[in-house]
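If you count by our numbering, then the sequence shown holds residues 1 to 317, one letter each, in order.
Quick caveat, the hints were computed from the structure, so don't treat them as lab data.
Where hints are given, some of them may not hold.
Listed next, with one range per pair, are the computed distances between beta-carbon atoms [claimed, not checked]:
no. : residue 1 : residue 2 : range
1   : T58       : Y242      : 31 to 37 angstroms
2   : S147      : T93       : 48 to 54 angstroms
3   : C315      : E56       : 47 to 53 angstroms
The C-beta atom is built at its ideal place from N, Cα and C for all residues, glycine as well.
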Amino acid sequence: WPGPRPGDREVLAEAADVLPGADDRHLHGLLGLRPDGSCCRIRPTPLPEGGLAPQELTDSHRGFCFNSRVSEAIEVDRVQSDVRTPGCVARHTEYPCSLPTASVVIVFHNEHLVTLLRSVHSVLNLSPPDLLKEVIVVDDASAHDKSRFYARHWDRLQDELSEYVRIALPKTRLVRLEERRGLMLARMEGIWRATGDVVICLDSHVEVTPGWIEPLLARIGEDRTRLVVPSIDGIGADDFRYTVYGLGLVSFRWSLAQSPRERPEGVEDIANSSVMCGGLFAADRAFFLHLGGYDQEMRIYGGEEIEIGFRAWQCGG
């Protein structure tokens, strides 16, 4: 690790590792509460009865690829239902009692605050405390952009986000990069700082489901040279409804573009994938760094899933 650059800074959680109110849907306790313990720091903002006007709809998508107003109308602490098949649920009891620990890395640039925090809540709510070492949220130099990103959204990513991480979330670290690195190098800034046995990279607008982390850690516990990709479902960009989709197996075309592979219906066993989906994966941290990590000259999404897939196959992974 080259170390932090001038101006880079971190905000560390001051909350206990597990907060009061823990249950099977809030494994790290009740998150996002006010200082007096009441709910909640961020409350849902209901949509107008007649729906959004055309200009409001346009504004809600400005700077994002989804309807931010719909996201704001949903609780930050939403917990998804268990979508596993009976076979997957049964297999859950067979995982070893001792699994590697995980650091989750989430990178964002000019992300929507509520959607970002829902991603973090989701990870904390549905990850067993003994398996989750930390959540590292990397702000890749978010900046006010008059043409694409409203000032009010940027403002919320400043003090409000820092205070939320510091007071209302356990095990969370916010890394503020002074100079924009680009997605790949920003992910490496999180991976370099991680202290868990396994590093799990997630996008900044995701929600995990019950039982999500144990299969990833179990596969790597069996063989640390594996790069493991979960089954990736969908959240509607306009209505934020969860849809079982099941993307995971990916091949490639000779143009080096992704080409999803269909899994035969009813087949639940793990399978080799030629390359991996770039945004969501798990790897033994030491082995991933042994591979060299991400190519630091890659700046934006696209191509890294092909490159790291080829490198893993060629270097013993």
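Hint check results:
Between T58 and Y242 the C-beta distance comes to about 25 angstroms, which lies outside the given range of 31 to 37 angstroms. Restraint check, S147 to T93: a C-beta distance of roughly 53 angstroms satisfies the suggested window 48 to 54 angstroms. For the pair C315 and E56, the supplied restraint of 47 to 53 angstroms holds, since their beta-carbon distance comes to about 51 angstroms.
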